[in-house]
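**Q** Read top to bottom, the protein sequences are chains D and L. Per the working numbering: the first sequence = residues 2 to 729. Per the working numbering: the second sequence = residues 1386 to 1578.
Honestly, I wouldn't trust all of these hints.
Computed cross-link-like contacts, SDA-like style, restricted to lysine to any residue with a CA-CA straight-line distance of at most 25 angstroms [said to hold, decoys possible]:
1) L:Lys1549 to D:Glu621
2) D:Lys447 to D:Trp500
3) D:Lys360 to D:Lys617
4) L:Lys1549 to D:Leu8
5) D:Lys368 to D:Thr414
6) D:Lys617 to L:Asp1482
7) L:Lys1549 to D:Ser669
8) D:Lys617 to L:Arg1543
9) D:Lys617 to L:Pro1550
Hints listed in this document are in silico derivations from the structure and should not be mistaken for laboratory results. These numbers were taken from a predicted model, which means no experiment stands behind them.
Here is what each chain is made of, one letter per residue.
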Amino acid sequence: MKRFEGLEKLTGRTLFIDDLPLENCLWGATVRSPAARGTIRQVRVPNHLEGSGLVLVDHRDLPGPNVVSLITDDWPILAAETVRHRYEPVMLVAAESRAAARRAAAQIEVVVDPLPAALDFRQTPTAEQIQVGDDNVLKQLKIERGEVDEALAAAPIVVEGEYETGAQEHVYLEPQGMAAWLDGEVVVVHGSLQCPYYVESALTRALDLPAERVRVIQAATGGGFGGKEDFPSIVAIHAALLAIKAQRPIKLIYDRGEDMAATTKRHPAWIRHRTGLSEEGQILAHDIEVVLDGGAYVTLSPVVLSRGMIHAAGPYACDHVRIRGRAMMTNSVPFGAFRGFGAPQTLFAIERHMDVIAKQIGVDPVKLRRLNLLTDGQATATGQVIDDGTDRQQVLSRALDLSRFTYKRSQHTAFNAEHAYLRRGIGLACFFHGAGFTGSGERAMKSLLHVAGLADGRVEVLSASTEIGQGTTTIFTQIAADQLRLDPEQILIAQPDTWRVPDNGPTVASRTTMVVGRLIERACDNLRERVGLDAAATGTELQAALVAWHEEHPDEELLGSARYQQPPGIEWDDETYRGDAYSAYGWATYVAEVEVDLRTYTARVIDFVAVQEIGKVLNETLARGQIQGGVVQGIGWALLEECRWQEGGMANHQLTNYIIPTSDDVPSIRVAFLENPYPHGGQGAKGIGELPLDGPAPAIFNAVAAATGVDPRVLPLVPERLMELIEQ
Amino acid sequence: MADPMTALNLRINGEERRVLSPTHHTLLEVLREECSLTGTKHGCELGECGVCTVLVDGQPVLSCLVLAAEVEECAIETVEGMQRGNELHPLQSTFADLGAAQCGYCTPGILLTAQALIADNPQPSDGEIREALSGNLCRCTGYHKIIEAVRWAAALERGEADAKPPSEALYGSPLPRISPPSAQEEDPRQEKG
Ligand code: FES
Ligand code: FES
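Okay, chain D solo, but in the shape it has when bound (with noise of 0.2 angstroms):
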């Protein structure tokens, strides 16, 4: 089935929030620290500046607390005081113009005494670096199954590695945007984002209104890969703070340099394994600690670290495992959500330390996963025993067969052997990602969704579920459509808009399709039974069905509803962290084939396999589109994506400096599913969003180890990275 936004998409018609006609619409624009940490002494507003109608806002000017919070009550919305990161919002500025707006902030200072700032997670802070609680640890975690000492210290090998991951910039190609105005007593913000419930709690607490006078509607959003969860609360509270104080609609768009400079990125993370193992290679054994700088403010750390450290020993069975895990807080910005969540962190050390580990004990590498990879009946770190009826061996044998793993390694041996510069190798990583919510995420967040039965036998789904370029629109028309047994023209997808749409989560954790997949299944369900038709009903009956209903009850809303039920036999520990953390995993094995170039010292992917098993897939179009997207950001952080710190900061905020993959840069990538329905997601099907994000990176690694004979840990891997190596 094609997609079914697509041709507004196509001639131009579709509107950012840009592209939104606003009458009679101020722009803003935002004065930000020049330094990553200090106390605020004065913001000098030029005096030309000062009654030329120009609007002025700053944090006095926030009716409620200065604080958005998504775990923690510490992420201010405009710096007061002191600042704890470069490019931290101070002032708010609306003009005429959007140049006029983007001069006057550039001409208004901010002058701030420096304090000690904490640059480096990596290092114990000094005591004046210290800023939260006694250590800067902005949150810790363990988890912790069986005797780990006792079975390292028998374990006849100990391998030890240490590994370590970049931060990564969303690049969403549609910078942050919102647009904000007045409707009466009610505050109206429009724009570019992920979770509108997300950006309506922080609205309401910060502007100290009710809900009813606060509305967020969703725009056609140009990308979001996480960076629209998080940061999109803090854009809309500063639209709507500029438009209330002018009594003017504001339109507030971020320009890529400020985009790529303010605003949250993938979390760097330092990993470090020992692991305990017998002769031949089974593992006995995980001791593992993670560590995540958490940049400024909380955000999402605490989250991300556990979805983190829950990957963090791979798909493979051991009885005896140690995961601690803390985020420090540093003097940059804010590390927060990225597609993977911390997963794909944790998957590449885990799946090079295998590589490291094969090497080392000469068994190998395809021999030790097939001989530690889980099987139904055996348990997870948290202790989740999985039984989903999935063959793991399978899926890495697919992977094996389509890229001829075997025959290209000889091939390779042969080929570097000849060639004077050229070294090929291939390398594979076997992995898997939790669908949803971790732990008892869903159960907490208890979704509400409806599906509403309209007078001309129409059917609209109403859900806070958002489009951004994944497909939601057309997976949510055909669950409607085959489930109500209608055509998709006869399914209407409601614009996510909190005044018309109930809270079903935030799109988010791979979760749309699964979980919110599987309440529109249920609610179109109870649609039928609410016009008093059973299962068999066909389309036209239950058209003709909902036609009756509105002419017997005029003016009345049809809605059929559903609400989360957790699957059964699901048991999670928040105390402990034991248990069932994820209700479903996907599970995959990626083999890339790189060439490194010893003259220039670059690595270049020049075969991709991907292999998973997602549960049922839905559609084919969206499904590779997600893997071979995810796959390419995946081959990007890997070996082309660097942001380069200054002060706290990002130096290479342009796209001319910061590299992404470009049409040039891509392999050939072979995607494949397997299919194992999952009983509890929307039409079988398993979340698949973030997965693909988790393997190219280690397999790539794995690959240039094997192509050159060097042992690359730090991501990622640009040439000079690869020079020290190769020269060393």
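The hints should help you fit chain L with the ligands onto chain D, whose structure is shown.
**A** Leaving out everything else, chain L with the ligands in the frame of chain D:
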């Protein structure tokens, strides 16, 4: 402080327009702000991302980098002008069919770059398509569906009706979909190659 204004005569999508715009406005700004043609996007305004691509006398141009005053007298084409009457341009329909527009933000620029490529080179190779599109970033698709859609549209333009790529060809190799896993006969532990 009012910006100095200039009156320009522009030919956009075959239509003559007289627009009054601030003298320093780029073509991108004039299209979006003065002409309300918002199909052309902005992603960096520094010539780095390609989402602002339009055609000037048939050649792809980054509209964020040229002043509107420089392209008076030229034929300017934007995504709004791609449709042929009520018919979609072949590129628009192949992009729709293959799901090559995900979030859609890069799409207008890519469509125009591809249109110029096909006009110039009716039978582009994959390498030529990749090269032509290498200045147009896309963060959603991983590019493969886009490249395939361009190749198919080129074939349609050459009058080859049955050029729709079989679904395998889209991804370079046969795509096993196995359900349920136990239906497989071969021993999974037997590695081939
Ligand atoms: S807006 Fe990015 S190249 Fe013009
Ligand atoms: S489709 Fe989203 S950037 Fe290309």
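**Q** For each hint, tell me whether it holds in the structure or not.
**A** Against the structure, the hints:
1. L:Lys1549 to D:Glu621: OK: Lys1549 of chain L and Glu621 of chain D at ~16 angstroms, within 25 angstroms.
2. D:Lys447 to D:Trp500: 19 angstroms, holds
3. D:Lys360 to D:Lys617: Distance ~37 angstroms between Lys360 of chain D and Lys617 of chain D Cα, so the pair is violated.
4. L:Lys1549 to D:Leu8: 19 angstroms, holds
5. D:Lys368 to D:Thr414: 19 angstroms, holds
6. D:Lys617 to L:Asp1482: 22 angstroms, holds
7. L:Lys1549 to D:Ser669: Holds, because 19 angstroms separates the two Cα atoms, which is no more than 25 angstroms.
8. D:Lys617 to L:Arg1543: Given pair Lys617 of chain D, Arg1543 of chain L is violated - Cα atoms ~38 angstroms apart, limit 25 angstroms.
9. D:Lys617 to L:Pro1550: OK: Lys617 of chain D and Pro1550 of chain L at ~24 angstroms, within 25 angstroms.
In summary, the numbered hints that this structure violates are 3, 8.
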